[in-house]
Amino acid sequence: MTMSTPHARALAALGHDARLAIFRLLVTAGPDGLRVGEIGAHLGLAASTLAHHLSTLVDAGLVVQDKQGREVFNRADYPAMHRLVGFLTAECCAGLACVPAEDAACA
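Residue numbers (this note's numbering): 2 to 108.
There could be a bad hint or two in this list.
Simulated restraints, written as ranges between beta carbons of each label pair [said to hold, decoys possible]:
id, residue 1, residue 2, range
1, Leu97, Gly45, 36 to 46 angstroms
2, Cys94, Ala52, 33 to 43 angstroms
3, Arg25, Ser49, 20 to 30 angstroms
4, Ala42, Arg10, 24 to 34 angstroms
5, Ala95, Gly38, 26 to 36 angstroms
What the hints contain is simulated information worked out from the structure, not anything from laboratory work. Every residue, glycine too, gets a C-beta built ideally from N, C-alpha and C.
Work out the full structure, taking the sequences as your base and the hints as a guide.
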């Protein structure tokens with residue numbers, strides 16, 4: 002089975018420690034999200050570094066940004082998160098037939 006492009010992008014984005022920490026913080030923050038400065042303060046990230054990582058998460062479809070006046074609020078895209086988790090667990094415990102007889106895992 003090949004991985005679809007949106008899932009691959011999301012997993013690649015979450016494959017970096019800083020981006021994973023940002024996403025987990027936004028998931029914890031809830032639907033109101035956090036301002037860029039709040040994320041930086043929580044995680045100790047410089048503004049330019051944070052902007053780069055947020056951009057990657059937005060491009061991967063995991064984070065939504067809303068501008069309210071001069072503030073930019075960032076929030077986890079919960080439907081996208083649920084789709085990704087669903088993709089990862091869709092065939093959980095479905096089992097696989099082992100083809101090679103010499104495969105020790107099949108014994």
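If I claimed the Cβ atoms of Arg25 and Ser49 lie 20 to 30 angstroms apart, would that claim hold in this structure?
Hint holds: Cβ distance 21 angstroms, inside 20 to 30 angstroms.
Taking the CB of Leu97 and the CB of Gly45, does the distance hold inside 36 to 46 angstroms?
Holds, since Leu97 and Gly45 (Cβ atoms, about 43 angstroms apart) stay within the stated range.
Does the Cβ distance between Ala42 and Arg10 fall inside 24 to 34 angstroms?
holds (28 angstroms)
Does the Cβ pair Cys94, Ala52 satisfy 33 to 43 angstroms?
holds (41 angstroms)
Measuring from beta carbon to beta carbon, are Ala95 and Gly38 in 26 to 36 angstroms?
Cβ of Ala95 to Cβ of Gly38: about 45 angstroms, so the range 26 to 36 angstroms is violated.
In summary, the structure is inconsistent with hint 5 from the numbered list given earlier, while agreeing with all the others.
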